[in-house]
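A.B. asks: Dock chain B against the given chain A, drawing on the hints supplied.
Chains as they are written, first to last, in this note's numbering: chain A, 4 to 417; chain B, 4 to 417.
Please note: incorrect hints may appear among the correct ones.
Because identical chains cannot be distinguished in the list, a pair is counted as satisfied if it fits within a single copy or across any two copies.
As the list claims (entries may be wrong) - Okay, derived cross-link-like pairs now, DSSO-like style, lysine-lysine, Cα gap no bigger than 30 Å in a straight line: (1) Lys80 <-> Lys411; (2) Lys57 <-> Lys281; (3) Lys416 <-> Lys57; (4) Lys235 <-> Lys80; (5) Lys57 <-> Lys411; (6) Lys359 <-> Lys404; (7) Lys359 <-> Lys345.
Bear in mind the hints are in silico, worked out from the structure with no lab data behind them.
2 protein chains.
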Amino acid sequence: MFYAQSGGVTPVINASACGVIETARKNRDRIGKVFAGRNGIIGALREELIDTGKESAKSIAQLRCTPAGAFGSCRYKLKSFTESRREYERLMEVFRAHNIRYFLYNGGGDSQDTANKFAQFSSQEGFPITCIGIPKTVDNDLPVTDNCPGFGSVAKYVAVSIKEAGLDVASMCESSTKVFVLEVMGRHAGWIAGAAGLAAEQEGDAPHIILFPEIPFAKDKFLRKVNSCVMKYGYCAIVVSEGAQYPDGTFLADAGSRDAFGHVQLGGVAPFLANLVKEATGYKYHWAVSDYLQRAARHIASATDVEQAYAMGQAAVEFALAGKNAVMPTIVRGKGKKYSWKVGEARLEDVANVEKTMPRNFISRDGFHITDAARDYFSPLIQGEDYPQYKNGIPQYARLKNELVARKLKAWKD
Amino acid sequence: MFYAQSGGVTPVINASACGVIETARKNRDRIGKVFAGRNGIIGALREELIDTGKESAKSIAQLRCTPAGAFGSCRYKLKSFTESRREYERLMEVFRAHNIRYFLYNGGGDSQDTANKFAQFSSQEGFPITCIGIPKTVDNDLPVTDNCPGFGSVAKYVAVSIKEAGLDVASMCESSTKVFVLEVMGRHAGWIAGAAGLAAEQEGDAPHIILFPEIPFAKDKFLRKVNSCVMKYGYCAIVVSEGAQYPDGTFLADAGSRDAFGHVQLGGVAPFLANLVKEATGYKYHWAVSDYLQRAARHIASATDVEQAYAMGQAAVEFALAGKNAVMPTIVRGKGKKYSWKVGEARLEDVANVEKTMPRNFISRDGFHITDAARDYFSPLIQGEDYPQYKNGIPQYARLKNELVARKLKAWKD
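Just chain A, same shape as in the assembly (with noise of 0.2 Å):
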């Protein structure tokens, strides 16, 4: 079995890594070993092929509290057959000198893509390869599940880190700052800022203004709003989505650079909204930007995400064993009042290069916040507290040998 994480990692990747590996230990008899691929997919190409067998069951258990990827993810995207086949090629020859049967592949829309490529063109090629992919994405923007597992810790982190800066604004505004900022991730999904909406637990509470990518931002009414905040509550706390963006679709903070997928590298539309906030009213501000730190954050993840994580890694060795192929376990919630969920199944084709923004009726109608709907759907998602282990104050997370099996192939050139 081959296993890669892929694209941005998540507090919770590892937990799916753990999963996988701890059933495919239970199943040794059909799964002989399993390989993890140094730098997600980038290591099958390059034949760096970590020997998870090395690792001590207690490492592998500790995965399942570890941020970040233990084996290294990438951003390296496989384009069509015609245009990368040399890759395509190179992977099944890479998978065929090391009798890997089962090609696990835990990343978002784009690494699904590749995934489901793949699976076709080894269908197409004769080669007998089943390809599973475990949903991971702090975006939680990947279609057909209910939620993607990364995104529950994240929206805890923002929703626990505005209710803790929204508290020092309010202790500050009557001679200090009274305009606070906080940028999070998301990209073109609104998700992880409204998340930061459950902050909000009684009127008056931070945040006061969520700026989503959904809602086209409009200078003079976001200026209104923080004044009228400013006014009632002595101060106005702001979560923006690095996603905001103009009518025409413009960012509000585009930073000019892309991504391995084209993507635009976003970062920095707290400060900017600051100013724009200064300039129009004077008042003093701060902002902050977490970036990794809250996608990293393990330290404050949600009991439930980290499950769900866990589980959607069992599953797809559990799909792999059972036969199916080109699918990927999915969040299913449950339709009872009480929050529920279970594992579901999804194409591969149908989760690929779709993405999953906030549904309208999430959003308040002045668009500046969340609904009871919204609510509804985010508060089982960041619920319960899983903490890691500590030794002299600071977190004790995985540190895995990461051995390579030998080589049996020529060296691949990029």
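C.D. replies: For chain B alone, kept in the frame of chain A given last:
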């Protein structure tokens, strides 16, 4: 008794408030009511006195686990008697009207200066009042005391954050982000930045570079170090103090505005530095500015810090009852190898307006990291986790009534 919070708030200043009020309640025979200044000393000037007697024992106990300033803080500095005579007289008038005989001021160096001046003024005017300071500052820059309540929790936050973000960058660096910059607070002192160094438990761990205000920034040396880290570890995680400065004393990032104390408002050195690296090396970067998040992060507070903050509040009341005046309780570190501490005492005049910066022997020879001496100093201060209670995934912080007592005097004109 009158208690006021002053200056930038911390994750544990309310733990000191809890220590004050709980200890005063145990001595109800000698201390009748405890008033808290609404928005700090401004509350005394405006005769906006919160009657803490209206709060339940449960609410007061909850202050121990609540970040920020529950009664409101302020940035407001009293000048000398001659310059601010009107304000000193007003304080005396308000205290006299409400039969206030104890003034407890919970703040940093500027606030201890105010408390000291008021003690002198009252003595000169023959007004019988006891002035006791309670140390507080995340910057850890007060003299005499071994460390300052508030610092340990921020230290823990930044150490945990750079550990987690470092793992994230390590996962991504092969094909994406190679340089990560985290900006932290601390003003002219590198204590917070230095504490982040605790995250580096083994060779190669993040952070690889720390930029201290105490070490003049040398661009070329810095860029060479970034490069050598990327070559050696694949990535480079940097912690930069907001107070990092050029040899001539100019801050790397000066937002241009000043606060009520005339201090420069800092912020934005992380993106500045990230761009510098990008231009010189082309490496893909990410950066984070945690700003208020770090100093409000009660969810990851240090248990040692919480305990000490409470003890400082308790000791302040005990000092007052013991007839002391113009003093502040301090934290005195034991001499043994195993960390121990006890309550000490400092005269306010020795504390006021002195900034304690990092000693040179706490900073490595090359100026980019901390020494073992620094580790020995920092490590005990971040030990222990003291988690707040959660409901629906959100920490439950105290919500006080903050009822004002009836005014007896004419309104104050600012």
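A.B. asks: For the identical chains here, do Lys359 and Lys345 meet the 30 Å Cα criterion within one copy, between copies, both, or neither?
C.D. replies: Within one copy only: 20 Å inside a chain, 56 Å across chains, cut-off 30 Å.
A.B. asks: Checking Lys235 and Lys80: alpha-carbon separation at most 30 Å within a copy, between copies, both or neither?
C.D. replies: between (49 Å within a copy, 27 Å between copies)
A.B. asks: Given a CA cutoff of 30 Å, do Lys359 and Lys404 count as a within-copy pair, a between-copy pair, both, or neither?
C.D. replies: Neither: 37 Å inside a copy, 42 Å across copies.
A.B. asks: Checking an output row: Lys80 and Lys411, CA cutoff 30 Å. Within, between, both or neither?
C.D. replies: within (25 Å within a copy, 72 Å between copies)
A.B. asks: Is it within, between, both, or neither for Lys57 and Lys411, if the alpha carbons may be no more than 30 Å apart?
C.D. replies: Classified as within; 19 Å inside a copy, 76 Å across copies.
A.B. asks: I want to check one pair: Lys416 and Lys57. Are their C-alpha atoms no more than 30 Å apart within a copy, between two copies, both, or neither?
C.D. replies: Intra 28 Å, inter 73 Å, cutoff 30 Å: intra-copy only.
A.B. asks: Which holds for Lys57 with Lys281 at a C-alpha limit of 30 Å: within a copy, between copies, both or neither?
C.D. replies: neither (56 Å within a copy, 38 Å between copies)
The structure fails to meet hints 2, 6 from the earlier list, while all remaining hints are met.
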